[in-house]
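Engineer: One-letter residues, chain by chain:
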Amino acid sequence: MLSGKTPVGRLPKPDLLLASTNICQTVLYWYRVLAHHFGAPLIVIDTPFVYTETSAHAVEYVQRQIEESIPIAEQAAGQRLDESKLKEVTRQSKRATELWLEVMERGRHRPAPISVFDQFTLMAPIVEMRGESFTVDFYAALLSEIDERIAEGVGAVSDEKKRVLWDNLPIWYRLKYLADLFAERGVALVASTYTNAWAELAPMIDAERPIESAARTYLHPLLNRGAGYKLATMQRMIADFQIDGAILHSDRSCKPYSMGQMDQRDRLMRDLDVPALLLEADHADPRAFAEEQVANRLHAFIEMLGV
Amino acid sequence: MGNDIRALGIDVGSTTVKVVGVDAEGSLAWHIVKPTDPRVEDQVSRLLARARAECDLSDGVPVVATGYGRGLVQQATRKVTEITCHARGIFRELGHGGTLVDIGGQDSKVIGVTAKGEVRDFAMNDKCAAGTGRFLENTAQRLRVPLDEMGGVAQNAAIRQMLADEMSADVILPRHPQLMGAYGAALINTTHS
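So the protein lines, in turn, are chains G and W. Take 0 as the starting number for the first sequence in numbering that gives the first Met the number 0 and just add one per residue. Take 0 as the starting number for the second sequence in numbering that gives the first Met the number 0 and just add one per residue.
Everything labelled a hint here was simulated from the structure, so no lab data went into it. Being a predicted model, the structure only gives us computed values, none of them experimental. Any given hint could be a false lead.
[Stated by the list, open to error] Listed next, the in silico DSS-like pairs over lysine-lysine satisfying Cα-Cα at most 25 Å (straight line):
no.: 1; chain 1: W; residue 1: Lys78; chain 2: W; residue 2: Lys108
no.: 2; chain 1: W; residue 1: Lys115; chain 2: W; residue 2: Lys78
no.: 3; chain 1: W; residue 1: Lys78; chain 2: G; residue 2: Lys175
no.: 4; chain 1: G; residue 1: Lys160; chain 2: W; residue 2: Lys33
no.: 5; chain 1: G; residue 1: Lys175; chain 2: G; residue 2: Lys161
no.: 6; chain 1: G; residue 1: Lys161; chain 2: W; residue 2: Lys115
no.: 7; chain 1: G; residue 1: Lys4; chain 2: G; residue 2: Lys161
no.: 8; chain 1: W; residue 1: Lys78; chain 2: W; residue 2: Lys126
no.: 9; chain 1: G; residue 1: Lys160; chain 2: W; residue 2: Lys126
no.: 10; chain 1: W; residue 1: Lys126; chain 2: W; residue 2: Lys108
no.: 11; chain 1: G; residue 1: Lys254; chain 2: W; residue 2: Lys115
no.: 12; chain 1: G; residue 1: Lys160; chain 2: G; residue 2: Lys175
no.: 13; chain 1: G; residue 1: Lys161; chain 2: W; residue 2: Lys78
no.: 14; chain 1: W; residue 1: Lys108; chain 2: W; residue 2: Lys33
no.: 15; chain 1: W; residue 1: Lys33; chain 2: W; residue 2: Lys78
[Stated by the list, open to error] Short derived list, chain W residues pointing at chain G, Cβ under 7 Å:
no.: 16; residue: Thr80
no.: 17; residue: Ile82
no.: 18; residue: Thr83
no.: 19; residue: Val118
Every residue, glycine too, gets a C-beta built ideally from N, C-alpha and C.
Build the full structure now, drawing on both the sequences and the hints.
Structural biologist: What follows is the structure in structure tokens.
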């Protein structure tokens with residue numbers, strides 16, 4: 000992003016940076032580097048870990064931090080916060096997030112009309128432009144295109160033999176390689192905890208109480224919650240999406256997401272009798288991706304599924 | 000020997016190349032083991048030519064390739080991972096499932112094999128080659144003990160003893176541990192798998 004050698008060009012100079020502790024540990028380092036590089040102020044919102052349930056004071060704590068950051072944002076923007084615009088943005092966010100959830104739920108169909116690899120690229124607007132009206136339009140259009148595919152029986156993989164769940168972030172720099180590896184063998188990745196994490200909190204978003212609901216939403220991302228919640232999420236997805244096997248990407252650059260995966264893997268295999276693979280790699284650092292070793296494990300896993 | 004070979008399995012490992020022929024009963028009827036040559040494609044062609052000559056193979060005999068170098072076997076009718084092939088070979092050899100420990104030339108694998116011979120689960124080491132075949136080979140060289148005398152991985156009594164002590168379990172050794180991958184590969188396309 001700093002070099003400008005990206006499809007979307009160079010990162011513009013920010014007036015203000017804001018990050019939250021509810022995320023991969025690397026993000027906080029990235030934002031510190033950005034703050035240093037651009038000489039921009041950085042606000043860090045501390046979101047206490049949710050082991051099982053959120054306490055009222057945790058929500059209040061996060062809410063107060065957001066409220067305290069408003070004057071700083073107003074100063075950076077040179078204008079006051081428009082309460083009605085905030086509500087409108089929150090309303091659009093909720094609608095876009097609901098549509099994104101619907102897009103992924105379509106993966107229940109056989110053959111799945113959309114793969115997790117498609118989701119990894121199609122998720123960009125929900126991550127970067129959630130409150131915009133064109134984001135709502137984008138996902139509405141995507142949903143109708145997916146429904147056309149379902150009506151015509153078009154699958155993401157041309158001959159879907161097995162359906163797999165992906166846990167954790169994608170291996171961004173090898174998406175095509177991995178997509179082809181699975182597709183060539185008739186394996187469709189039909190659901191992922193990661194893309195779902197950008198959708199599942201839609202019901203928490205409340206345009207009438209934008210800041211309180213933001214506090215609640217920021218507390219509840221999958222990787223800010225206990226390992227038991229992720230296990231339950233995977234168990235539900237395995238049933239809902241008729242999953243034949245699960246791949247748990249152990250991601251060194253996202254330790255909060257990767258903690259507990261060994262136990263989660265054991266539980267999926269023991270309780271549900273679903274083959275599960277722990278795959279060592281990294282979402283950002285290609286040095287932690289050994290192609291032959293990854294390929295051998297994936298090929299063996301696919302053979303284990305009976306393909 | 001001769002006309003009876005129905006399928007070939009070739010296991011191109013990091014340290015050795017193994018070729019196995021199975022007969023109509025699915026028994027291990029012919030084999031050869033050679034240190035892996037840097038020019039794998041040429042070596043595979045030579046070994047397959049030798050198999051053809053020695054076994055008087057008919058055309059159309061399937062060749063299933065496995066091991067890290069399986070992608071380099073252009074003659075292969077099918078390519079299958081050594082995880083699946085080892086499980087296939089050992090199940091046919093022993094007639095039961097269990098926990099299969101394969102310590103290869105440069106990595107180690109533990110494979111759970113069901114009572115029906117299917118792979119239930121597997122684990123592999125990532126980077127370190129300590130304790131693998133290559134390590135024992137180098138050790139033998141430094142001690143100036145012939146490798147056959149010291150015993151390569153599964154043939155090494157100390158490794159078997161260590162595994163048995165550590166796991167409090169009996170360690171079963173097949174007749175040709177080094178050939179189980181190639182044997183399993185050869186069985187893939189037969190009714191004996």
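Engineer: Hint by hint, note whether the structure agrees.
Structural biologist: Verification of the supplied hints:
1. W:Lys78 <-> W:Lys108: holds (19 Å)
2. W:Lys115 <-> W:Lys78: holds (22 Å)
3. W:Lys78 <-> G:Lys175: The hint holds at about 22 Å.
4. G:Lys160 <-> W:Lys33: Not OK: Lys160 of chain G and Lys33 of chain W at ~38 Å, beyond 25 Å, violated.
5. G:Lys175 <-> G:Lys161: Given pair Lys175 of chain G, Lys161 of chain G holds - Cα atoms ~19 Å apart, limit 25 Å.
6. G:Lys161 <-> W:Lys115: Status holds; Cα separation ~21 Å.
7. G:Lys4 <-> G:Lys161: violated (37 Å)
8. W:Lys78 <-> W:Lys126: holds (24 Å)
9. G:Lys160 <-> W:Lys126: With a Cα-Cα distance of about 32 Å, the restraint between Lys160 of chain G and Lys126 of chain W is violated, given a limit of 25 Å.
10. W:Lys126 <-> W:Lys108: holds (12 Å)
11. G:Lys254 <-> W:Lys115: violated (38 Å)
12. G:Lys160 <-> G:Lys175: Measuring from Cα to Cα gives roughly 20 Å; hence the hint holds.
13. G:Lys161 <-> W:Lys78: holds (19 Å)
14. W:Lys108 <-> W:Lys33: holds (22 Å)
15. W:Lys33 <-> W:Lys78: Holds, at about 20 Å.
16. Thr80: Result: holds, 4 Å to nearest chain G Cβ.
17. Ile82: holds (4 Å)
18. Thr83: Holds: closest Cβ of chain G sits about 4 Å from Thr83 of chain W, inside 7 Å.
19. Val118: holds (5 Å)
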